[in-house]
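Chains as they are written, first to last, in my numbering: chain A, 80 to 304; chain B, 139 to 380; chain C, 3 to 231.
In case anyone wonders, no lab produced these hints; they're calculated from the structure. Note that CB positions come from ideal geometry on N, CA and C, so glycine has one too. It is possible that some hints are incorrect.
Here are the simulated lysine-lysine pairs, DSS-like style, with alpha carbons at most 25 Å apart [what the hints assert, rightly or not]:
(1) K283(A) to K267(A)
(2) K165(A) to K192(B)
(3) K101(A) to K308(B)
(4) K18(C) to K225(C)
(5) K288(B) to K101(A)
(6) K351(B) to K165(A)
(7) K100(A) to K143(C)
(8) K219(C) to K259(A)
(9) K10(C) to K119(C)
(10) K215(C) to K259(A)
(11) K88(C) to K125(C)
(12) K119(C) to K264(B)
(13) K182(C) to K164(C)
(14) K311(B) to K197(A)
(15) K119(C) to K351(B)
(16) K180(C) to K88(C)
Distance ranges between label pairs, derived from CB positions [as the list claims (entries may be wrong)]:
(17) Q202(A) to K143(C): 52 to 60 Å
(18) N73(C) to R341(B): 37 to 45 Å
(19) Q214(A) to K288(B): 31 to 39 Å
(20) Q183(C) to E210(A): 37 to 45 Å
Residue strings, one per chain:
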Amino acid sequence: MKEVCSSNTFIEVNNVTFSYKKSEIILKNITTSFDKGEFAALIGPNGSGKTTFGKLMTGILSANEGSVFVEGKNIEEISLGNIGKKIGYLFQQPARQLFNPTVKEEIGFAHSFMGKSKEIVEQKVNKIIEEFSLQGLEDASPYRISRGERQRVALASIFINEPSFLILDEPTTGLDIVRKEQLSQLLKSLQPQGIGIIVISHDKDFINKNADRVIELYGGEQHEA
Amino acid sequence: MKLDPRTKLVMVFSLSTLAVFVVDTLLLSIVLIISIIVSNFFKEDWGFLNRARKFILLLVGIAFLQSIFSPSGEILFGIKDFTLLTTGGLAKGIRVILRMLVIIISATIMKGSSPREIIQGLIQWKVPYEIAFMVSLAIRFIPILGQEAKDAFTAIQLRGIEIDKLSLTKRFKVYSYMFMPVLSGVIHRAKELSTSLEARAFRAYPERTSYIKLELSKNDLLIMSASIVFTITMLVIYILLR
Amino acid sequence: MSQPIRAKNLSFSYSKDGKKIIDNINLQVNKGEILAVVGLSGSGKTTLCYCLSGIIPHLYNGELSGEVYINDQFIKEMNMPQIATKVGVVFQNPETQIFFPMVENELAFGPENLCIKREQIGKRIEEALSLLDMEDKRYDKTEHLSGGQKQLIALASVLTLKPEILIFDEVMAQIDQKGKQAIKDIIIQLKKEGKTVIMVEHNLDNIEIADRKLVLKNGGLKKFEGSLQ
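All chains should be modelled from the sequences, with the hints used to inform the complete structure.
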């Protein structure tokens, strides 16, 4: 097995092939890597395997062939719980990753569930609420706020674990231009902290504006643009 | 041969009726073999058995429990005074497994029919169309529900929660948290679905026409009557033998 | 020029003391035009679609005042099936608009509800599919269609009810570039057939096909002059 860890590489994808059924290969021999602090975009038409690729790099799905390394370690050997501390994953429908009755509890969930002290959690939550401009929504239900706000809450809740990498699946779906701009601003504000970002999207404007690097998927194969 | 969904429904109903009423290992085995033959005839792939592996393991577990808690017959296996497996228990367990297999396998007979045709079959059997459509829609969305629950479970773990390291009570707590996203998804989807159904004039009148029309062929009638006769005969043999 | 759909002093809020999502809107849509209504998320675009298609007040409750007329008929006095034959709506999410395993089943559903005769239904299915140039998809499984194709089939299943007005509620939001183009081409085709189209959008790239553009903000409708805010 190849042991890879150049100083800046965070995710290493090595000759990965994936199919749900034997007959249909979704991804074929994909090899690429993602660095800390880079803003990459994964584009391609519906059904090109973008979401699948994102899930492989988060360990939600396992490759049929080839492997994915996170910080040099094979992702198969890391539990989802531990990956979550390194990589934040935003689902296409953020409602699927919200579990708590209020925004405040939602953001603090990862820590309060693991039994961290109330004061520490609250301090952190307050800081994150400010960072993600969620002031005024602390006691609102994550299900009764707008789509853009819900997405920010989902991101904020991931951030309590201080991940070093983010994978966002179609984050601009359902966002109007003003909310998209807010998302751009938010993501840009994270970059100086050295956080790497992969955006899976078919929103050309958003990608042209934000991404340093574009990988296109079609027919299960990658094309670096 | 393409059979009417109603014919298939009668076959499934016949086989599962036998599975429920017959409490005889030999007869149950015969019913199972027939189910397998019939299901195979409709060219079912058996991939689902692989997916149902956990479920089948559970059944085997139940069989063992049965024999522990209701021992009868001779002791086959035990540790000191504690009986683990008896002939009676084993037989009971096997019957539970046979019964479940008959029900599962016979249900796959329906897989070849399109849900729309099954709905039509039910409607032509005078089941109110609202009910037939609603049940069919509900079934269609079960896999999506499963996907949502899976996503929610993944998302919880990705919050940095290592399920394997949790105590049992904490683990249950994790499951209880999944309730919110799944329920919100269901409500949201139900609302969207009912809106688009109504926007396409669903329930305009107490009756509706149908573009597809099912007609029972000679084969259908033949197979249907054969199924019914077979079921009654088996039940009679079973009762007489007892 | 005739105006198949009109709104007069239309206001709506979801609860009695709630914020007016729609505040005293007056709207006339001309026959055969493509009208685009743009607005930010939460500006009430979907609510407006619901009011113009009778979903409010027939399916959703709230505080509604003012009137919507479909061909000079008061929408409140029509029932949903009557409205459905005049106004067709396509929604944002393709998944919850497709109910059946085969394209043909899907297209037949609407006319079946209206108790149309079998032969007629067959004809309507053919017409709708040929308008969309999707005749070859008639016996396809709906689960194998792409998102864009699903939206087109959702549209086709509304077309078999023969509505003269079509409302598109952000139908391109979840669709990729290629699918968006196909939908836009079809909307132009619908206009040629004499249909009246109202499309609601937050993505300004999608409205270049419109004859007239309005912006919805603070509950009111104004001429669109390039800004949503």
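Verification of the supplied hints:
1. Taking the CA atoms of K283(A) and K267(A), the gap is near 17 Å; set against the 25 Å cutoff, the hint holds.
2. At most 25 Å may separate the alpha-carbon atoms for a hinted pair to count; K165(A) and K192(B) exceed this at roughly 32 Å.
3. Proposed proximity of K101(A) and K308(B) is contradicted: the alpha carbons are some 38 Å apart, above 25 Å.
4. Between the alpha carbons of K18(C) and K225(C) the distance comes to roughly 29 Å, so the proposed pair goes past 25 Å and is violated.
5. With a C-alpha separation of about 22 Å, the suggested pair K288(B) and K101(A) falls inside the 25 Å cut-off, and the hint holds.
6. Note on K351(B) and K165(A): the hinted pairing is violated, with a Cα-Cα distance of about 57 Å set against a maximum of 25 Å.
7. Between K100(A) and K143(C), the direct Cα distance comes to roughly 18 Å. Compliance with the 25 Å bound is thereby established for this hinted pair.
8. A C-alpha spacing of about 18 Å is found between K219(C) and K259(A), which places the hinted pair at or below 25 Å, so the restraint holds.
9. Distance hint between K10(C) and K119(C) is unfulfilled; the C-alpha atoms sit about 37 Å from each other, more than 25 Å.
10. For the suggested pair K215(C) and K259(A), the alpha carbons sit about 22 Å apart, so the restraint of at most 25 Å is met.
11. A threshold of 25 Å between alpha carbons decides the hint, and for K88(C) with K125(C) the separation of about 19 Å falls inside it, so the pair holds.
12. At most 25 Å may separate the alpha-carbon atoms for a hinted pair to count; K119(C) and K264(B) meet this at roughly 19 Å.
13. About 23 Å separates the Cα atoms of K182(C) and K164(C), which keeps this hinted pair within 25 Å; it holds.
14. Taken as a hint, the K311(B) and K197(A) pair is honoured in the structure, with Cα atoms around 19 Å apart against an allowance of 25 Å.
15. Of the pairs offered as hints, the one joining K119(C) and K351(B) holds, with about 12 Å between alpha carbons and a cut-off of 25 Å not exceeded.
16. At roughly 29 Å between alpha-carbon atoms, K180(C) and K88(C) are farther apart than 25 Å, so this suggested pair is violated.
17. Distance hint check for Q202(A) and K143(C): the Cβ-Cβ separation is about 54 Å, which falls inside the suggested range of 52 to 60 Å.
18. Distance hint for N73(C) and R341(B): a CB-CB separation of about 23 Å, inconsistent with the stated range 37 to 45 Å.
19. Hint check: Q214(A) to K288(B), Cβ distance near 34 Å, so the stated range 31 to 39 Å holds.
20. Distance hint check for Q183(C) and E210(A): the Cβ-Cβ separation is about 39 Å, which falls inside the suggested range of 37 to 45 Å.
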